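The lines below spell out each chain.
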Amino acid sequence: MIPEIGNFALILALLLALVLGTLPIIGAARRIPAWIGLARPVSQGLFLFVVTAWGCLAYSFIVSDFSVLNVATNSNSQLPVYYRFAATWGSHEGSMMLWVFMLAIWTLAVSLKSRHLPDEMVARVLGVMGLVSFGFLLFLLLTSNPFDRLFPVPADGRDLNPLLQDPGMVAHPPMLYMGYVGFSVAFAFAIAALMGGRLDATWARWSRPWTTLAWSFLSIGIMIGSWWAYYTLGWGGWWFWDPVENASFMPWLVGTALLHSLAVTEKRGAFKNWTVLLAICAFSLSLIGTFLVRSGVLTSVHAFATDPRRGVFILGFLIVVIGGSLALYAVRAPKVGLGSRFDLMSRETMLLANNVLLLAATGSVLLGTLYPLFLDALNLGKISVGPPYFDAVFVPLMTPLVFLMGIGPLARWKQTTLPDLWHLLRWAFAISVVMALVVPFAAGEWKPLVSFGLLLAFWVVAATVVSIRERMRSVRSGFFAQIARQPRSYWGMVLAHLGIAVFVVGVTMVKGYETERDVKMSIGDTVSVGGYTFRFDGISQQRGPNYQAIRGAFTVTRKGAYVENLYPEKRQYNAGGMPMTNAAIDSGLLGDLYVSMGEPVDGGAWVIRVYSKPFITWLWGGFLMMAFGGFLALSDRRYRVGAQRDVALPRGSAAAR
Amino acid sequence: MKARHRRFIWIGAGVAVLGAASALVLNAFQSNLVFFFTPTQIAANEVPRNRAFRIGGLVEEKSLARESDGLTVRFVVTDTAASVPVVYKGILPDLFKEGKGVVAQGEIGSDGVFRASEVLAKHDENYMPPAAADAVNKARGTTAAAEKTTKTLQR
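Sequence lines, in order, name chains A and B.
Residue numbers for the first sequence follow the working numbering, beginning at 1 and rising by one.
Residue numbers for the second sequence follow the working numbering, beginning at 1 and rising by one.
Quick caveat, the hints were computed from the structure, so don't treat them as lab data.
Keep in mind the model is a prediction, meaning the values are calculated, not measured.
One should not assume that every hint holds.
Mimicking DSBU-like on lysine-lysine, the simulated pairs with C-alpha atoms at most 35 Å apart in a straight line are [what the hints assert, rightly or not]: (1) 89(B) x 113(A); (2) 511(A) x 559(A); (3) 520(A) x 97(B); (4) 89(B) x 520(A); (5) 100(B) x 382(A); (6) 447(A) x 89(B).
Far from chain B by the CB rule (all over 10 Å, computed), these chain A residues [stated by the list, open to error]: (7) 112; (8) 419; (9) 451; (10) 487; (11) 498; (12) 581; (13) 586; (14) 588; (15) 602.
For glycine and all other residues, C-beta sits at the position ideal for the given N, C-alpha and C.
All chains should be built: construct the whole structure from the sequences, respecting the hints.
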């Protein structure tokens with residue numbers, strides 16, 4: 001019964017999405033107030049039905065209703081309840097359902113938080129989001145219905161892939177999708193502005209907080225995914241340049257460019273065309289990412305049973321959305337105008353350089369991700385593009401970007417001079433160079449690349465400190481009052497930029513000083529890695545809720561002093577009999593110690609993998625700081641006060657300003 | 001006049017940056033492409049020397065052997081028509097099994113032994129790397145046989 005209700009709610013949601021995608025947009029074009037007025041209530045109705053459908057699916061998983069095919073193939077009665085819940089998005093159908101659910105949340109949020117916008121604008125924005133919802137709901141119902149029944153009903157389910165039975169499964173997909181789908185708001189604003197033919201600073205002001213929010217969620221989603229892969233896949237890396245990772249990273253790169261370009265459009269009215277194009281690109285890349293991951297063209301933990309119809313549908317949808325929006329852009333953009341002028345040396349130029357570099361990086365990732373697929377599709381042979389390519393391209397592209405990050409916030413809008421900048425930053429530069437040369441000695445061994453990476457990180461920190469000091473100089477009051485006087489959006493930027501510095505430190509130290517050893521160990525043997533000694537104490541049998549495990553015991557010492565006990569496991573899952581390695585990790589601010597068990601070899605010995613990963617936690621810490629920088633910027637009073645002031649104005653006058 | 005100069009600088013800088021980026025990307029791209037070959041192609045000597053590539057197929061039954069150091073493993077990859085001996089030092093992925101599909105990356109030595117630097121993990125027990133399935137299917141020839149193989153392999 002419950003699955004039928006879900007299915008029915010999904011069909012009603014499809015109809016509402018069609019209404020939302022047509023009437024308000026036509027109403028806005030023909031100035032029919034009744035149709036324009038439909039946008040908000042219909043959005044809220046759409047949310048209600050989608051949340052009902054999603055709730056029915058989640059319920060079927062929690063009560064283990066194996067008459068639903070999706071539940072039977074992706075869940076099991078032995079599974080703990082939180083993984084049964086997370087299994088809701090553990091399949092292709094479920095994850096598309098999550099996509100639609102997230103889109104409904106964003107649509108609802110726009111309908112509730114848009115009181116200060118002119119009604120036609122809201123109608124267009126929600127209408128565009130309704131069209132996207134319609135496409136995805138149609139996709140769900142036609143090719144991947146999550147409520148399909150199974151007869152005869154099996155006694156038990158086939159189980160969730162053991163790799164997915166992890167706390168990461170509860171957090172990573174919702175966060176990532178929140179970000180992915182969140183770019184639909186910026187996209188909808190861009191399309192709405194193109195439809196309305198009015199692209200001005202107000203447009204940028206409206207879409208900026210939405211973009212920041214989506215970007216922050218996407219950052220967290222990517223960070224959790226990276227961390228999860230690190231501790232669960234058993235080989236201790238944090239980023240593999242796997243096509244699926246790239247699929248989430250490309251929207252992030254373009255989203256980052258969009259954030260910065262929106263700032264220019266809002267403050268200076270420049271880059272208008274460019275910003276709109278970026279908004280379209282960011283969402284298009286989200287869609288391409290969904291296509292790559294869900295259509296089965298890529299093979300990874302994210303790819304499920306392949307059905308060619310699905311790929312064709314998403315590809316068609318992709319062509320309609322991207323092609324349609326680019327066509328609209330081509331028709332409307334030339335009328336927008338270029339915006340205010342600026343000098344070669346100005347903050348605008350710095351931000352333009354930021355955009356160019358980020359897009360070049362995106363392009364290179366796109367090439368490396370898609371080229372093998374094209375060759376394969378054209379039957380020209382099978383190739384793969386590995387991490388060396390991405391490393392070789394990324395470092396040179398990101399270096400100038402990080403360098404500019406120090407200068408950009410200090411450069412003035414419109415016009416700035418090099419001598420001024422040099423005067424402000426010479427000490428920051430000198431200090432970061434000296435520290436970059438000296439600090440690697442403290443780590444034990446001086447390596448040129450480590451020194452170079454640290455130079456970038458120290459430079460960002462030093463230049464940020466200079467920027468803060470310059471900002472505060474204008475306010476004459478106590479230190480804390482000075483801090484409070486700066487807008488939170490400024491502190492958000494500072495936090496995010498420092499996050500990059502922390503991230504760079506993490507990457508540099510891990511790449512420079514990590515040690516990895518695979519060794520054969522008998523019980524009682526010891527091995528030394530990164531200054532720590534690991535002793536293999538023995539193995540024992542363990543029983544988990546739905547698996548059996550062999551657990552190894554290790555004692556870690558440093559110079560004879562006890563540090564930690566580590567217990568890696570080798571698991572065998574009851575339902576599918578699939579083996580899995582669970583690494584034991586001692587995580588710390590200065591680095592991780594990582595032990596995982598390979599295979600047993602003759603005479604009771606085991607092959608053991610032991611890693612030392614200095615500063616690896618800084619990678620994820622840096623990403624978290626960036627995300628929280630975004631949230632901090634969102635709490636800026638201008639978004640709150642500005643919203644209130646706009647409400648006080650009569651409708652329509654907001655657009656005139 | 002001044003505006004025109006400025007525009008020239010702009011365009012020039014843009015072209016320079018794009019050119020540098022493209023050169024960088026294409027150069028890195030050229031030298032880091034990894035091609036895929038089947039055991040049959042290796043037997044026919046169609047593979048590059050001194051360059052890494054990938055092979056795929058099935059791990060031959062009863063071919064897995066471990067050397068006394070406990071770390072070095074030897075096995076044979078076959079596409080049912082031809083087979084290649086592989087040596088790998090390190091920990092094999094959880095789902096590596098005799099009779100199942102595998103993809104490995106490495107170089108071929110002058111002795112005809114493939115020195116794998118990486119043996120690729122699978123994420124699901126029933127999942128066959130498409131490259132491996134492809135190799136087997138190509139070797140078997142007919143599509144009917146190919147479909148059957150994929151099915152048997154997936155069981």
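Hints, one by one, checked against the model:
no., hint, in the structure
1, 89(B) x 113(A), "violated, 58 Å"
2, 511(A) x 559(A), "holds, 25 Å"
3, 520(A) x 97(B), "holds, 20 Å"
4, 89(B) x 520(A), "holds, 12 Å"
5, 100(B) x 382(A), "holds, 20 Å"
6, 447(A) x 89(B), "holds, 28 Å"
7, 112, "holds, 40 Å"
8, 419, "holds, 19 Å"
9, 451, "holds, 22 Å"
10, 487, "holds, 32 Å"
11, 498, "holds, 27 Å"
12, 581, "violated, 6 Å"
13, 586, "holds, 20 Å"
14, 588, "holds, 24 Å"
15, 602, "violated, 8 Å"
Of the numbered hints stated above, those contradicted by the structure are hints 1, 12 and 15, listed in ascending order.
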